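Chemist: Take a look at the letters that make up each chain.
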Amino acid sequence: MSVFIDDSTRLVVQGITGRDGSFHAKQMIEYGTKVVAGVTPGKGGQRFETGVPIFNTVVDAVRETQANTTVIYVPPPFAADAMMEAADAGLSLIVCITEGVPVLDMTRVYPYVKARGARLIGPNCPGLISPGSSKVGIIPGRICAPGPIGLVSRSGTLTYEVVYHLTRAGLGQTTCVGIGGDPINGTNFIDCLDAFERDPATKAVVMIGEIGGTDEQDAARFVKDTMKKPVVGFIAGQTAPPGRRMGHAGAIISGSAGTAAEKIAAFEDAGMGVAKRPIDVVDLVRQRAR
Amino acid sequence: MNIHEYQAKEIFRTHGIPIPPGGVATTPAEAEALARRYASTVVVKAQVHAGGRGKAGGVKLAKTPEETRDIAAKILGMHIKGLTVHKVLVTPAADIATEAYVGIIVDRASKRAVFMVSPAGGIDIEEVAAKTPDKIMRLPVDPVYGLLPFQALQMGLFLYADIKQARAAAKIMQQLYAAFWASGASLAEINPLVTTPSGDVVALDAKMVIDDNELDRRPELALLRDETAEDPAEVRAREAGLTFIKLDGNVGCVVNGAGLAMATMDLVKYYGGEPANFLDIGGSSNPDKVVAALQIITSDPHVRAILFNIFGGITRTDDVANGIVTATKASPLRVPIVIRLTGTNEEVAVKILQEHGFSAMTEMDAAVQRAVELATAGARA
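Here the protein sequences come in this chain order: A and B. Per our numbering, the very first residue in the first sequence carries number 1; after that it's consecutive. Per our numbering, the very first residue in the second sequence carries number 1; after that it's consecutive.
Some hints here could point you the wrong way.
As the list claims (entries may be wrong) - Calculated lysine to any residue pairs in the SDA-like style (CA-CA distance at most 25 Å, straight line): (1) B/Lys-81 <-> B/Tyr-6; (2) B/Lys-269 <-> A/Val-282; (3) A/Lys-224 <-> B/Ala-109.
What the hints assert, rightly or not - Some chain A residues near chain B, calculated using beta-carbon distances under 7 Å: (4) Gly-100; (5) Pro-140; (6) Glu-161; (7) Pro-183; (8) Ala-236.
As the list claims (entries may be wrong) - Chain A is nowhere near these chain B residues, computed Cβ spacing over 12 Å in every case: (9) Met-78; (10) Ala-97; (11) Thr-326; (12) Pro-336.
Since the hints were made in silico from the structure, they are not lab data. These numbers were taken from a predicted model, which means no experiment stands behind them. We treat Cβ as the ideally placed atom computed from N, Cα and C, and that holds for glycine.
Could you build the full structure based on these sequences and the hints that come with them?
Modeler: Encoded structure:
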């Protein structure tokens, strides 16, 4: 079992003929993901190098291939339109990898997607992987293994670091979800925690947050009030100066709000295990998951 | 991207917001000439990307053109929060009856642009929010409909009892919202919005932050960037496609990915060291980026050890290794280097490094500990 994606995932790749889109389409196919269509306007009717059919529009791709999920690799100025096109075509899961989507675009995309009942993950995220079954995005498959841990994170490579430790310690994953580092994203920590809480295969959850905003604090309250499964957390950015964007558009301490200290305090208040170092996640999960 | 007050004022003026005239001077003589033109008491304001300009002595009244020259001479070249002042804005001083605050930010929680207005203007709005939250009105704007006239008037009436002034403020808010959207801003602020003794409503200050993600599709906004107002190393990093933020420590960090870069800094601190910087070489691998990163880090005289922490996913670790070799051939390092890399093409990378006399580690904790030890020993020597 897993959350959001599994063997029934039928994937469209928007931007399949671009540099990133073509590289990762091949990686996903190699991993076993059912990539059923690509979309590049102007290249409809052609085939991707692996034989996957390419369409001009998402709605065409859905009609012809019964796709239910899309992953977006189009450049930032066109990403908002791509997300809305996917929602309009009726896809239930939209994963946007693109980094650099203007935040005002996202203020329009978010309600549009929501109104059409789709789940958006990202933008500016590594996507998600249900080890052994399906991968949508760019998380390296070889560092993951199937198992009972659910993982959700705002980061990319920091996620890999933690997954790498978990896998080496024999703690495989149901699903790893990267929700992205932008200030406005489609899916937040609570959405993922809720999904993991409902997933019978997930026995414990790892949540990797960072400075900026209040998503982690809200999630801690959810853990305290609602969750029965153990949750272990890590927060990056304890040494980050206020007022500076730390790489991710959303990783910024505004005034005195969004610090690592307040997030860690919220985690502790919720009774979560709080890792001081990425590697400490392993022992905390072991202690709590049993 | 931060822009200067005078630039934000120009944008606001094009949207019709009433703003007193003003001119920019880069020398005391230019400032004096501006004061002569306005023939009144003027305010000389440092144009620098830092808050608290007034407290730092960067905003001063001048009664005569001569005094304007002297004050400009003091403010130009002044350092405010580590940044040098290269420009001053000279503007006629206004008579002020009341001061209010009007701002728009992108709010993460409601995922919308949100107005914040307060009749307690002129000071730090965070302080007002903390001490007297009832003096702030928040209004999220639906991106589909924009700011509706009745909403603008509600905010105007929150600021002013006088209906004429409330209407004038409402109009300014509509104009500010238009400027905010047209410029792809993440923040637009008027602090203070004042009333004059004769009853006019006027914007005396202007602040705007442009979303960096807008600059590619809006080249006219990218032209507003003032590189002389930024840290030179950060400018160089941006040109090389890196994200770099200078800090005060002595362990120089080169990492791929923002989250891992922050976690690396934190781990340096955990093991008793202090990070010299945040540096993210980004996702795609490119030896040139590594070369640029090393140049930037080694130009900081406080750096006593360099730490690479690379988790190869899309980033190919052999590209990073090649970058390290190229950069150190061009200019040999004067401080020790610790390299941790794992992931994509790790075996090739380790071989490249070994052939050139470098050793590579695979564990983040061990590498950070080693870098901290070397930096501490280097600082003692």
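Chemist: None of the hints should be skipped; say for each whether it holds.
Modeler: Each hint, compared with the structure:
1. B/Lys-81 <-> B/Tyr-6: Within the cut-off at roughly 20 Å; holds.
2. B/Lys-269 <-> A/Val-282: holds, 21 Å
3. A/Lys-224 <-> B/Ala-109: holds, 20 Å
4. Gly-100: holds, 5 Å
5. Pro-140: With a minimum Cβ separation of about 5 Å from chain B (threshold 7 Å), the hint on A/Pro-140 holds.
6. Glu-161: Cβ of A/Glu-161 sits 6 Å from chain B, so the hint holds.
7. Pro-183: Status holds, d = 5 Å.
8. Ala-236: Holds - the Cβ of A/Ala-236 comes within 7 Å of chain B, reaching about 4 Å at its closest.
9. Met-78: Holds, because the least Cβ-Cβ distance between B/Met-78 and chain A comes to about 20 Å, which exceeds 12 Å.
10. Ala-97: Fine: 29 Å to the nearest Cβ keeps B/Ala-97 off the interface.
11. Thr-326: holds, 23 Å
12. Pro-336: holds, 21 Å
The structure meets every hint from the earlier list without exception.
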